[in-house]
Structure formats: C-alpha cells, structure tokens
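Using the sequences plus the hints, can you model the full thing?
Chains as they are written, first to last, in this note's numbering: chain X, 10 to 163; chain U, 8 to 164.
Accuracy of the hints is not assured; some may be wrong.
Simulated coverage check for chain U against chain X, where a stretch passes if three residues somewhere in it have a Cβ under 8 Å from a Cβ of chain X [claimed, not checked]:
(1) 48-59
(2) 70-78
(3) 127-139
Don't read these hints as lab results, they were simulated from the structure.
Backbone N, C-alpha and C define an ideal beta-carbon position, used for all residues, glycine too.
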Amino acid sequence: MWRTVQRALIIALAGTVLGLAANAVSPRRIPYLMLPQAPPKAQDTVTLSEARDLWSGGATFFLDARAPADYAAGHIAGAVSLPVEEFDDHYPQVAAMLTPNAIIVAYCDGQECDLSRQLMDKLRERGYHNIRLLVNGWTVWHTAGLPTHTGDQP
Amino acid sequence: VKTVNLILRWIVGGMFVFAAVVKIWNVNINPAHEGANVTVTIRASAVPDLKTFADQVANYRVPPREVTNLVAMTLPWIELVAGLLLIGGIWKRASAVVISVLVVVFLIAIGQAVARGLNISCGCFGTVEGRKVGVVALAQDLVLLGITAWLAWRLED
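What follows is the structure in structure tokens.
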C-alpha cells in the first residue's frame, strides 16, 4: 500500500518534471504564470449600437470566435465562423476574405467569454489592427432582435 | 479476469497517452466531407505547444488563474507517463492510482463548470473532439472512474 503511494508520487513527480522541462526547451513555450486577465480596454470594444451601425454599413467583417456547433445554432447574420480553438484550420479560408485594413468585429457569448479576445490577439499578431470586440456579442445581438442566421453558412 | 484487466489497462492507458499527445502537441483532426469522400487532415505541432490547452484550462475558471499554465504544462505529461506505464505493465497499480486521481480532478473541474453553467469545451482530448462540458461528459468520466478504480484495486505492482 505504502509502496504504491510512493510510486504514484514518483509518477506524478516524473510527469511534472518532464512537463516543465519540455516546456522550457520548446520554442513555443508558455510562461510559467498566466497573467491575470484585465477587462478589455474601452478602445478595444464596440457597443451594441456601434456594432449595429457597422453591420448596417456593410463594410465590416463580423467574426464568430465560438465553436462551430454554437455558430451553426445561431450567429449574427453575415458573420463568418473563425473558431479560435481550431484557429489554424479555419484561418486560411477566412484570411482569403480579409485585407490587413479590414474592419473586424469579433464576438463570442457570455459576459466573461474570452474567445473573442483570444481571436483578437491572434489576428493582431498577424497584422490586423482594425479589430474590436463586441462583449457578450451573441446574447446582446439576438436579444436586441437584430438579424441572425442559423446553419454553418454566414 | 486477468485478460479483462489486460484489455482494460490497454484501453485506459491508450486513452491517456492519446489525450496527452493531442494536448502537448496541439493536434487537430479535421474530417472533411466531399460527397462520398471523407478526407481527414491531421495537423500537429512539431514541438510542445500548450497555448491552446492552457486557454482551455483557463476557461474552467478555477482560481487561481496564475497557476493555469503550470497545470497545462504538467498535467498532460503526468497523463503520458502514467498511461505508458499502465500499457507497459510497469508499476501498474501506482499508474492506475495516479490516473484515478486525475479522473477525480477532472470530475470536480467538469462538475463545477456544469454547476455554474459554463458553456466551454471539455478540452479532455485537446481540440480533437468538440465535446462540451455537460452532464454527458460528467457521466462518461464517472464510467471511466469506475474502470480506473477497479484497476487500482485489482492490479498489483
């Protein structure tokens, strides 16, 4: 019994050491501590009425950062799906539609949803700087009765 | 019973090795349907790439948020070591104990997410599955716990 516990601890320790070492040598290492999340800056967000005006203007790309199934269940009309958790798979298709100066509004769902911010970070790394967030986007949009679509097409 | 235990060991061990690999190397498996043809593209990072998994862990919103990255760095490697040992038949019982403890941790994480109504990806197998956190994932993990607890009880080192 005691021997099993000892060995279990050794396994856990070995995994921990391996994990720390592998991350330390990986060119794609992540920092040891995750920084606390600050609320999105005001200049990084759009209000619902701003979003509506941009949507009516027609020149703005709306990007849905949620999982494909959530997108299919309902999304802002015309919004393109770019699930941030599968970013590398979907990005090439979306990139073909975007220019570096494209005006982009990214959204997910929920007051604390972080997906659209993660999407914003990834797109900024790739040179898109005209991107802002609609916080709690899906909920505020559809509860305001603004146009939505279902299915996997925009 | 010995044969059953052997098969269970391979299944559970294989599952944990698979879960670890897809997390550490950020594997994506995408089936694309074109008419009757299904092409499956598999994409992975050549080096450990834990950013995506760390974000999935953070989505569970279990404080303290600062240690999220440490969890993301170490958890898949513990899964990997324990899974390999379980398959290889070395320190079988200790590996089954480690895996059982991990499953309990997963149950608590998923349970609190369900209780708080979080709409998040399970992340159990990185991004290769679209499974959401919910009662289904909870039930599946309970079944898994049954199997791993059985192994931890019956196997000998």
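Q | Coverage of the stretch 127-139 of chain U by chain X, judged on three or more residues with CB within 8 Å | A | Contact hint for the stretch 127-139 of chain U vs chain X: holds, 4 residues under 8 Å.
Q.
So is the stretch 70-78 of chain U in contact with chain X by the C-beta rule, three or more residues under 8 Å, or is the coverage claim wrong?
A. holds (count 6)
Q: Please count how many residues of the stretch 48-59 of chain U have a CB within 8 Å of a CB from chain X and say whether that reaches 3.
A: Coverage by chain X holds for the stretch 48-59 of chain U (9 residues, Cβ < 8 Å).
Of the numbered hints given earlier, the model fails none.
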